[in-house]
Amino acid sequence: MANQQPNSGNPRVDIEYRRKKSAEEMRHQVITFALMIFLTIVAFVAAGYEGFSGWFVVPFILILALVQVVFQLYYFMHMSHKGHEAPAMFLYSGAFVGFITIIAFLTVIWW
Amino acid sequence: MSTLAQKKGFGAVLWDYLTTVDHKKIAILYLIAGGFFFLLGGLEAMFIRIQLAVPNNDFVSAGLYNEILTMHGTTMIFLAAMPLIFAFMNAVMPLQIGARDVAFPFLNSLGFWLFFFGGVFLNLSWFLGGAPDAGWTSYASLSIASEGHGIDFYALGLQISGAGTLIGGINFLVTIINMRAPGMTYMRMPLFTWTTFVTSALILFAFPALTVGLFLLIFDRMFGSNFFDPAMGGNTIIWEHFFWIFGHPEVYILVLPAFGIFSEIFAIFSRKRLFGYSSMVFATVLIGFLGFMVWAHHMFTTGMGPIANAIFAVATMAIAVPTGIKIFNWLFTMWGGSITFTTPMLWAIAFIPSFVAGGVTGVMLASAAQDYQYHDSYFVVAHFHYVIVGGVVFALFAGAHLYWPKMFGTMLSEFLGKITFVLFFIGFHLTFFIQHFLGLWGMPRRIFTYLPGQGFDTSNMVSTVGAFFMAAAVIILLINVVITSVKNEKVGNDPWGDGRTLEWAIPSPPPFYNFKQLPLVRGLDAYWLEKMEGKKGMSPAEPLGDIHMPNNSFVPFVISFGLFVAAFGAMYHNEHSWGIPVLIVGMLITLGSMFVRSVKDDHGYHIHKEDLEDNNDKGVKA
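Residue numbers (my numbering), protein chains in the order written: chain A, 156 to 266; chain B, 701 to 1322.
Treat the hints with care, since some could be wrong.
[To be verified] Okay, the calculated beta carbon distance ranges per label pair:
(1) F1032/B with F211/A: 23 to 31 angstroms
(2) I186/A with V1060/B: 52 to 60 angstroms
(3) V213/A with I1147/B: 49 to 57 angstroms
(4) G209/A with P930/B: 24 to 32 angstroms
(5) L228/A with I1147/B: 37 to 45 angstroms
(6) V213/A with D716/B: 53 to 61 angstroms
(7) S1038/B with E179/A: 58 to 66 angstroms
(8) P1053/B with M244/A: 30 to 38 angstroms
(9) P1053/B with G209/A: 58 to 66 angstroms
(10) Q1154/B with V213/A: 54 to 62 angstroms
(11) Y886/B with F211/A: 42 to 50 angstroms
(12) L1244/B with I186/A: 33 to 41 angstroms
(13) M932/B with M244/A: 52 to 60 angstroms
By construction, these hints were calculated from the structure, which means they are not laboratory data. Since we're looking at a predicted model, the values are computed, not measured. No residue lacks a Cβ here, since even glycine has one placed at the ideal position from N, Cα and C.
Please build the complete structure, drawing on both the sequences and the hints.
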């Protein structure tokens, strides 16, 4: 697979392919990293700029945070690779259950 | 050197079990501990029924009755049903998927000891100033007001044993995802393995809600916080939501493995492939999913408003659909099958009408408007005993008879097993059927006595008589166990003759490494497939080689013991100065043993190929 080392000693390893994959992987990581820093700056600016009301800033920052989480999971924790289907399923199920709980608490207990 | 069967003294056997990381031995530990708590909970049930047998009875006082009632529910759910389910999961699931052990044998042991110490802690309350008395749901307004340490025992004990359950659930998930034998795809897994999988996922998602709720309760009662105190800005309803977000999936955690056991039984003793296998899997997953959408149907009368009530009512009724799919699949499995009426099959057949009765009252209760009538009456008591006894306990009895040979290598007497079944079946319906009517006539739940002349007298006496039938059935089962153990007549790989899944392809009990060579799975009901082609056992999927095994460890026991000590410190720190030091010492024992576990390398050991060749009569035959 693309995330294995090229020097495994297996004669059937296609080193060219691995190199290309790794380079591509690296490019993705750098782009994502730059984007994440950019999003963080945007979040700070949104919080610091006085022209925006809280009703805009809070949801806006939450959305940015969500994007960052997705970047983190898929590009830095390699969830975009094969073989992560089960962790992904459990992650989303857990997020779903947590979401249901929060929605219920917000709507049923303290509406 | 062979590490196989050597004669051992009592001390060595005890030490072996205290330190074991073998899933089969941990299963036996769960069975013994769960069985013990089952007897304890049963004793409490008998006290309840004796007290209610006649009006104005004074067999126990009102306060003691509340404690017995609370402990009956808590013990039966957390300390009897759960660990007994875990016993069968541990004993059977790794064998069914062709694994040599669970993914984390050390954690398996830790899970058991946490449960055990939590259960012991909870039951010590009887000797240390009174048991919890706010019902097994322990609603916050009541439990915050409860005097003495009863509720503290409840919160701390369940916290410890809940951690063990969570660990066990995660362990089973990883095992099923990662350790299936070659060829064992998801859609070739036996149904008991599937239900174990979904149940473990439910544990993973549901137990954190209980953990959070219990922590809030612990802090409210012992450390001066006010999460549930409306006078201080808290909200008592939060507990109810947390409890039921956990509590409703909990009933599916109990009943799904029961469905799994029955699915195996119907297929084995009808000599047919399970009807509608893929729809069974689908229904199991769907029940697991819907199980999280319905918790508030326990709270229709708390005033959530008509919209919330309507949503939860409809969601609850939806669960009847996948359950109905399962019921029909079981019936169609039997249809045209060559049925043998063994003890497990009797339980399975009796389960269908009993559980359907509980399901029907469940749909009645799900209707929010009707629920205002039924709420807190004996109708509810009858309903949940029909689903939990008629579903889960029947499955535990059936599973005990079915898997006894696989766990211990001996067959329970079929004759005594059938007597147990008849007595329990009669007793169960005698006890709980009449309670539907008691509820409809107006008898409230959780009362310690009632006045004569309200029309409850005869029915309550009938109910109590039924309880004695069930007690007699359990005693006969115990006699059966003793006789079987004393006789000790060993049986072969497949004592029922019609085993379909991998566990029946290896000796009873299996050798400690389970499979000498991992089996090659060629379809659903892998062993049956091979038998139908005239083979004696599974084809191996790998050459004979060294087997890597984990070392035994005493650390899980010590980790759990530390929390047990710490719980006493937390409970008594308000009135005794030694409380905080004990709390710290307990946590140090736990964290210290975790540290030891982390820094000490333990690579396990290998069983060498030569030793495996020595005893060709064991393990998988090629």
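Tested hints:
One distance hint, 23 to 31 angstroms for the beta-carbon pair F1032/B and F211/A, is violated here, with the actual separation near 58 angstroms. Range check, I186/A to V1060/B: Cβ separation about 59 angstroms, and the 52 to 60 angstroms hint holds. In this structure the supplied range 49 to 57 angstroms holds for V213/A paired with I1147/B, their Cβ-Cβ distance being about 50 angstroms. Take G209/A and P930/B: their Cβ atoms lie about 29 angstroms apart, and the range 24 to 32 angstroms holds.
At about 53 angstroms, the beta-carbon gap between L228/A and I1147/B misses the expected band of 37 to 45 angstroms. Between V213/A and D716/B, the C-beta spacing of about 58 angstroms keeps the proposed range 53 to 61 angstroms intact. At roughly 59 angstroms, the beta-carbon separation of S1038/B and E179/A lies within the given 58 to 66 angstroms, and the hint holds. The given range of 30 to 38 angstroms is respected by P1053/B and M244/A, whose C-beta atoms sit roughly 36 angstroms from each other.
At about 60 angstroms, the CB distance of P1053/B to G209/A agrees with the hint of 58 to 66 angstroms. Taking 54 to 62 angstroms as the suggested C-beta distance range, the pair Q1154/B and V213/A conforms, at roughly 58 angstroms. A beta carbon spacing of about 46 angstroms between Y886/B and F211/A agrees with the range 42 to 50 angstroms that was offered as a hint. The beta-carbon spacing between L1244/B and I186/A, approximately 51 angstroms, falls outside the hinted interval of 33 to 41 angstroms.
About 41 angstroms separates the C-beta atoms of M932/B and M244/A, a value inconsistent with the hinted range of 52 to 60 angstroms.
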